[in-house]
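K.L.:
First to last, the protein sequences are chains H and S.
In terms of this note's numbering, the first sequence opens at residue 187 and continues consecutively.
In terms of this note's numbering, the second sequence opens at residue 5 and continues consecutively.
Just so you know, the hints here were simulated from the structure itself, not pulled from any lab data.
Hints may be right or wrong, so weigh each one.
Claimed, not checked - One side of the interface only, derived from the structure: several residues of chain S facing chain H at Cβ under 7 Å:
no.	residue
1	THR35
2	THR36
3	ARG101
4	PRO116
Unchecked claim - Derived DEER-like restraints, expressed as beta-carbon distance ranges:
no.	chain 1	residue 1	chain 2	residue 2	range
5	H	SER256	S	TRP14	39 to 47 Å
6	S	LEU30	H	SER270	21 to 29 Å
7	S	THR21	H	GLU252	36 to 44 Å
8	S	GLN46	H	GLY248	38 to 46 Å
9	H	ALA187	S	LYS70	22 to 30 Å
10	H	ASN286	S	LYS59	39 to 47 Å
11	S	PRO103	H	ASN247	24 to 32 Å
12	S	GLN46	H	SER198	35 to 43 Å
13	S	SER22	H	GLU252	27 to 35 Å
14	H	PRO216	S	PRO103	40 to 48 Å
15	H	LYS254	S	GLY57	36 to 44 Å
16	H	HIS268	S	ALA76	40 to 48 Å
17	S	HIS89	H	LEU193	33 to 41 Å
Cβ coordinates follow ideal geometry from the N, Cα and C atoms, glycine included.
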Amino acid sequence: AQSVTQLGSHVSVSEGALVLLRCNYSSSVPPYLFWYVQYPNQGLQLLLKYTSAATLVKGINGFEAEFKKSETSFHLTKPSAHMSDAAEYFCAVMLGGSSNTGKLIFGQGTTLQVKP
Amino acid sequence: GAVVSQHPSWVICKSGTSVKIECRSLDFQATTMFWYRQFPKQSLMLMATSNEGSKATYEQGVEKDKFLINHASLTLSTLTVTSAHPEDSSFYICSARAPPAGGSRGEQFFGPGTRLTVL
Numbered sequence: 187a188q189s190v191t192q193l194g195s196h197v198s199v200s201e202g203a204l205v206l207l208r209c210n211y212s213s214s215v216p217p218y219l220f221w222y223v224q225y226p227n228q229g230l231q232l233l234l235k236y237t238s239a240a241t242l243v244k245g246i247n248g249f250e251a252e253f254k255k256s257e258t259s260f261h262l263t264k265p266s267a268h269m270s271d272a273a274e275y276f277c278a279v280m281l282g283g284s285s286n287t288g289k290l291i292f293g294q295g296t297t298l299q300v301k302p
Numbered sequence: 005g006a007v008v009s010q011h012p013s014w015v016i017c018k019s020g021t022s023v024k025i026e027c028r029s030l031d032f033q034a035t036t037m038f039w040y041r042q043f044p045k046q047s048l049m050l051m052a053t054s055n056e057g058s059k060a061t062y063e064q065g066v067e068k069d070k071f072l073i074n075h076a077s078l079t080l081s082t083l084t085v086t087s088a089h090p091e092d093s094s095f096y097i098c099s100a101r102a103p104p105a106g107g108s109r110g111e112q113f114f115g116p117g118t119r120l121t122v123l
């Protein structure tokens, strides 16, 4: 079975501070992992993805994530938070890994609050 | 990036009526579309996979007779919530998958979602 767990349903940081959103995965096959952002009443936008290439993945808006197999983690980071980063963030694993089913299993989501 | 639209963006209906939600890929042909459901402050749950010209594949626990999916063309999939009840109120999101091209592995693009409220 495959799953992702996001540690912390709510993260609050000050503007300019480091953003760290945690995601741990469970997968019986080499995983494909994703981070998405969702603004209120909108769909999801892909931030970045890991598909077994480089373990450090750079995404849009200054975000990056590192795949650590030994820790079964795929944490999302950004060096300096902006007010516009306030949103809901979802970590997801693709069912079947490299078989590329397209089916995504999402974590519970983390709400990022950015304080001025 | 590619654009996926959903219509309507929100709908309010009476209990017992049926509601149709459209998902369209505007600038690419989607071999596969997925339907997700999201309750307030919760994650997305995959409901079904829709392939053009074939029957949808439903996830465990999803009633196929209640959530009718039709994928009539490579750019359109519809989700019909039949005999809707208040517990069906939710945010429904579709995604469309582009066919693999070059280095792409058939990336998914999400629609903006449809908020359904059943009175």
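K.L.:
CB of S:GLN46 to CB of H:SER198, is that within 35 to 43 Å?
P.N.:
violated, 20 Å
K.L.:
Kindly confirm whether 36 to 44 Å is satisfied by the beta carbon distance between S:THR21 and H:GLU252.
P.N.:
violated, 49 Å
K.L.:
Taking the Cβ atom of H:PRO216 and the Cβ atom of S:PRO103, is their distance within the range 40 to 48 Å?
P.N.:
violated, 23 Å
K.L.:
Closer than 7 Å between Cβ atoms is the bar; does S:THR35 clear it against chain H? Give me holds or violated.
P.N.:
violated, 9 Å
K.L.:
Look at the Cβ atoms of H:ASN286 and S:LYS59 and judge whether their distance stays inside 39 to 47 Å.
P.N.:
violated, 21 Å
K.L.:
Evaluate the given range 22 to 30 Å for the C-beta pair formed by H:ALA187 and S:LYS70.
P.N.:
Since H:ALA187 and S:LYS70 have Cβ atoms about 26 Å apart, the given range 22 to 30 Å holds.
K.L.:
If you check the beta carbons of H:SER256 and S:TRP14, does the distance land in 39 to 47 Å?
P.N.:
holds, 45 Å
K.L.:
Falls inside 40 to 48 Å, the C-beta gap from H:HIS268 to S:ALA76?
P.N.:
Check passed, 42 Å falls within 40 to 48 Å.
K.L.:
Is the interface hint for S:THR36 satisfied, with its Cβ closer than 7 Å to some Cβ of chain H?
P.N.:
holds, 6 Å
K.L.:
Given the hint of 27 to 35 Å, is the C-beta distance from S:SER22 to H:GLU252 inside that range or not?
P.N.:
With a Cβ separation near 47 Å, S:SER22 and H:GLU252 fall outside 27 to 35 Å, so the hint is violated.
K.L.:
With respect to the beta-carbon atoms only, verify the hint that S:PRO103 and H:ASN247 lie 24 to 32 Å apart.
P.N.:
holds, 27 Å
K.L.:
How does the Cβ-Cβ distance of H:LYS254 and S:GLY57 compare with 36 to 44 Å: does it lie in that range?
P.N.:
Holds - the Cβ-Cβ distance for H:LYS254 and S:GLY57, about 41 Å, lies within 36 to 44 Å.
Violation of the numbered hints given earlier is confined to hints 1, 7, 8, 10, 12, 13 and 14; the remaining hints are satisfied by the structure.
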